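Start counting the sequence shown at 1; every next residue gets the next number (my numbering).
Cross-link-like lysine to aspartate or glutamate pairs, in silico, DMTMM-like; alpha carbons within 25 Å at most: (1) Lys128 <-> Glu113; (2) Lys35 <-> Glu195; (3) Lys51 <-> Asp89; (4) Lys260 <-> Glu34; (5) Lys147 <-> Asp256; (6) Lys35 <-> Asp73; (7) Lys181 <-> Glu195; (8) Lys220 <-> Glu180; (9) Lys107 <-> Asp256; (10) Lys181 <-> Glu34.
Label pairs and their computed distance ranges (CB to CB): (11) Lys64 <-> Thr124: 14 to 24 Å; (12) Glu36 <-> Lys128: 26 to 36 Å; (13) Leu252 <-> Ala50: 18 to 28 Å; (14) Ala50 <-> Leu229: 41 to 51 Å; (15) Gly186 <-> Asp67: 23 to 33 Å; (16) Lys230 <-> Glu201: 25 to 35 Å; (17) Ala184 <-> Ser125: 36 to 46 Å; (18) Ala50 <-> Ala184: 39 to 49 Å; (19) Gly144 <-> Leu252: 19 to 29 Å; (20) Asp219 <-> Gly90: 18 to 28 Å.
These aren't lab readings, by the way, just hints derived from the structure by calculation.
For clarity, every value in this text was computed on a predicted model and none was experimentally measured.
All residues carry an ideal CB built from backbone N, CA and C; glycine is no exception.
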Amino acid sequence: MQEKRNKRIAQLALFAVLGALAGSVQSQTSDMKEKERMYTYVSLWAVPRAKWAEYQKPVPADQKILDQALGDDTLIAYGSDFNLVHSADGYTHDSWWSSHSLAGLMKVLDAFEKSSTTTTGVITSVTKHADVVLVSHHYNWRAGTYKGAYSHGSSYALKPTAPNDAVDVLSKSVFEPLMEKLLADGSVVEYEVDEESIHTESPNSFWVYYVTPTAEGLDKVNAGIRAALKVNALIGPSFDSMVDFVPHRDSLTRTDATFK
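Between the sequences and the hints, there should be enough to build the whole structure, so can you do that?
Quick look at the structure:
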């Protein structure tokens, strides 16, 4: 009985926060149209340190496939990442490509599977591999190619009491206003809020990624977050009501990316 009462109190507190946020969300996003879904295929690899240089050799052949797919509108973006903060059992590299359809992702995957770069060479020596298919409704970028940029990722898990549209509420009230401002001044060149389209992890998981062209951009984003927390006192309570921080993790990678 006490557990049920506590859950009800938590739900009422959450509704109060969401109600207070509603006006803010409407005023901040009333002129923003719902975006077409963006699907992203990510291949993660754990490459032995002695093979890192060799891992880069197939890049020209791979890029030919990606550039062709970008040119015929199959893809809207693609890139690769090198992990800068390693963990004992983590991945070292990844490659990814984005499309407005799952069919677009599969077309590029088929092209890679027919290429010898996916069946020979350093790929055969990786110690761990995984694939992820993400979907985003909240994203934006500055078109162009960026070399040696930095990508920051944050993974979160929603609480069981969070509403079904929690990711949309947080995106519209917190992530988009902050990231659009940073995008406008060039501090970041891309951001996205992702959920899994093909669930290989908990359905309660979501991710926030941004790409900054310089290391200084990382500090600018952190400063922007601190400023937003001061200006909008509802951000903290909204997160606390909906997000379980225990499984939260961050990533930082060096990134080469092209956005159409």
